[in-house]
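**Student:** Sequence:
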Amino acid sequence: MSQSETPVTSETLGFQAEVKQLLHLMIHSLYSNREIFLRELVSNASDACDKLRFEAIDNPDLYEGDTELRIRVDFDKAQGTITISDNGIGMSRDEAIANLGTIARSGTREFFSQLTGDRQKDAQLIGQFGVGFYSSFIVADKVSVLSRRAGLPETQAVLWESDGQGEFRVAQVEKADRGTAIVLHLRDAEDEFLNGWKLREVLRRYSDHISLPIQMLKEEWDAEKSEQVKTQEWETVNQASALWARQKSDVTDEQYKEFYKHIAHDFEDPLAWTHNRVEGRSEYTQLLYIPRRAPFDLWDREGRRGVKLYVKRVFIMDDAEQLLPSYLRFVKGVIDSADLPLNVSREILQESRDVKAIRDGCTKRVLSMLDDMAENRPDDYATFWEQFGQVLKEGVGEDFANRERIAKLLRFASTHNDSSVQNVSLADYVGRMKEGQEKIYYVTAESYAAAANSPHLEVFRKKGIEVLLLTDRVDEWMLSYLRDFEDKPLASVAKGGLDLDALADEEEKKHRAEVAESSKPLVERMQKALEGKVKEVRVTTRLVDSPACVVVDEHELSPHLQRLLRSAGQEAPEVKPILEINPEHALLARLNDADDDTFADWSLLLLDQAMLAEGAALNDPAAFVKRMNRLLLA
Numbered sequence: 070m071s072q073s074e075t076p077v078t079s080e081t082l083g084f085q086a087e088v089k090q091l092l093h094l095m096i097h098s099l100y101s102n103r104e105i106f107l108r109e110l111v112s113n114a115s116d117a118c119d120k121l122r123f124e125a126i127d128n129p130d131l132y133e134g135d136t137e138l139r140i141r142v143d144f145d146k147a148q149g150t151i152t153i154s155d156n157g158i159g160m161s162r163d164e165a166i167a168n169l170g171t172i173a174r175s176g177t178r179e180f181f182s183q184l185t186g187d188r189q190k191d192a193q194l195i196g197q198f199g200v201g202f203y204s205s206f207i208v209a210d211k212v213s214v215l216s217r218r219a220g221l222p223e224t225q226a227v228l229w230e231s232d233g234q235g236e237f238r239v240a241q242v243e244k245a246d247r248g249t250a251i252v253l254h255l256r257d258a259e260d261e262f263l264n265g266w267k268l269r270e271v272l273r274r275y276s277d278h279i280s281l282p283i284q285m286l287k288e289e290w291d292a293e294k295s296e297q298v299k300t301q302e303w304e305t306v307n308q309a310s311a312l313w314a315r316q317k318s319d320v321t322d323e324q325y326k327e328f329y330k331h332i333a334h335d336f337e338d339p340l341a342w343t344h345n346r347v348e349g350r351s352e353y354t355q356l357l358y359i360p361r362r363a364p365f366d367l368w369d370r371e372g373r374r375g376v377k378l379y380v381k382r383v384f385i386m387d388d389a390e391q392l393l394p395s396y397l398r399f400v401k402g403v404i405d406s407a408d409l410p411l412n413v414s415r416e417i418l419q420e421s422r423d424v425k426a427i428r429d430g431c432t433k434r435v436l437s438m439l440d441d442m443a444e445n446r447p448d449d450y451a452t453f454w455e456q457f458g459q460v461l462k463e464g465v466g467e468d469f470a471n472r473e474r475i476a477k478l479l480r481f482a483s484t485h486n487d488s489s490v491q492n493v494s495l496a497d498y499v500g501r502m503k504e505g506q507e508k509i510y511y512v513t514a515e516s517y518a519a520a521a522n523s524p525h526l527e528v529f530r531k532k533g534i535e536v537l538l539l540t541d542r543v544d545e546w547m548l549s550y551l552r553d554f555e556d557k558p559l560a561s562v563a564k565g566g567l568d569l570d571a572l573a574d575e576e577e578k579k580h581r582a583e584v585a586e587s588s589k590p591l592v593e594r595m596q597k598a599l600e601g602k603v604k605e606v607r608v609t610t611r612l613v614d615s616p617a618c619v620v621v622d623e624h625e626l627s628p629h630l631q632r633l634l635r636s637a638g639q640e641a642p643e644v645k646p647i648l649e650i651n652p653e654h655a656l657l658a659r660l661n662d663a664d665d666d667t668f669a670d671w672s673l674l675l676l677d678q679a680m681l682a683e684g685a686a687l688n689d690p691a692a693f694v695k696r697m698n699r700l701l702l703a
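Just so you know, we're using this note's numbering here: the sequence shown kicks off at 70 and counts up by one.
In case anyone wonders, no lab produced these hints; they're calculated from the structure. Note that the Cβ used here is the ideal one computed from N, Cα and C, for glycine as well.
When the alpha-carbon atoms are kept at most 16 Å apart in a straight line, the in silico EDC-like pairs for lysine to aspartate or glutamate are as follows:
| no. | residue 1 | residue 2 |
| --- | --- | --- |
| 1 | Lys-211 | Glu-236 |
| 2 | Lys-597 | Asp-665 |
| 3 | Lys-120 | Asp-135 |
| 4 | Lys-564 | Glu-545 |
| 5 | Lys-645 | Glu-600 |
Okay, the calculated beta carbon distance ranges per label pair:
| no. | residue 1 | residue 2 | range |
| --- | --- | --- | --- |
| 6 | Arg-422 | Asp-388 | 17 to 23 Å |
| 7 | His-654 | Glu-593 | 14 to 20 Å |
| 8 | Asp-408 | Ala-518 | 50 to 56 Å |
| 9 | Asp-369 | Asn-522 | 31 to 37 Å |
| 10 | Glu-348 | Trp-290 | 48 to 54 Å |
| 11 | Arg-350 | Gln-241 | 48 to 54 Å |
Given these sequences and hints, build the entire structure.
**Tutor:** What follows is the structure, encoded as structure tokens:
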């Protein structure tokens, strides 16, 4: 290194356990795409320069007289090294230990539990997690990092070194200029990167979008040595202009994809993107992406997420969550405002009218992206829905202004397809409604199997009426806001009295009335046997093959929602179910001649069976087993 290195204090520390695991998996899973180490290190250098520019807004002295931010890449064939350096914010000793020795991301342990040892799958998961600095060890058997944080004295620089085997060494050294220099000591088999042409080709492919100049020493042909020889003149090898500030016609799809990987630290291409300059009351540029795969911490409520915010191309913050609603938290991208102040804070973002205009505009743009994908690229939309559908459902309750647009984007499993795949839209359902059908019917359950086999579906299957099968935890909450679609009310097949008279002929209506009348003594007797356990016993029209089912009144909490609330530690009011019976079932016929004790046993057994069919847990399973055994032996 060009800077002097006079150790003052030195110590050896161990990597966090997760770092050891990540290093091992990364070297073995990502080796086939090892060029990404350069993309990741240059991306980190760019972030360091952005952070300096932001901190220097309030403290210009951090520039230390050098305001020309840059990234430099050099190589040394004789030493077998590549050096990536920047004059950004730099790191203190404590920051080097925290940033390079640990992974300070919530959900890390859960993430590693998903890794399997399958190289292809591990590579995809690591891509979700973010490769970052540790990609150095894909090509290097030793990495040295020399860094001084802007504003610290020259004597308080830090040297961090490791061979990636489990430990790292940190020492206090001197460094004349601020910033960071990373030296990769390449493995013997990686000498293809000790080549100026190769490094330039990788930088232009992966990092051309970086808005800072990436510089390398010029090379000239030396006839005597018959090879390229470096000069002492630095030249810029990328376009060095903010990609989002360019005209769309000047940016290729490949550049858009690489920029996404840079800002999202993702390993895969995005599903879609939108790039627009918005003018009017608020002036801003938006470049927004929809990822192909959900990050491992999508459901972590503590994690920060959001798009990158720039003001007049000056980086402000990484995760401006105020610029998009929570239900679009999976969106990645950049928003560059021409109106916000450079010293904008999170508090100002929450109150600013300009931010509200940006948020509204970006929300509409993302929904338009999804509209287009759903209509013109259904396979991609199916991928999106599998990864982010549950999150988008939150928008039904959170975004009243766009509720109808979001409702059109929803997808569900349905009895029409007999498949757990959620690929039926509400518009699809309405288009298939029977003549005389006035409602969109659905059933909620804890699993697809429980929903598809619910006894509540029997009469609907008999009449060929489609029912949506809702099994996501968010569905019950969503349905409290989604009351209708295209003037068709949504109705639970397990709530209230079922009115299918519009689909019944006169003979069927007459038969129902006769059955209800003849069953009154049975209903009254069963009501007495189950007193205190049910709200009511009544004859049903919704059952064909089952003897009984439980329902609740129209505006009461469903048993499924009650269970969800209790499992989340919340109080749920006790709701006594309504037992609906099918008097034409053979089991019910047995009850007419039973004595009082046997009748009570059968009534309780039918209630317990109906509760089990709803996925409920019995209050007294042992009593249920004894009662069933007693009746089997009778």
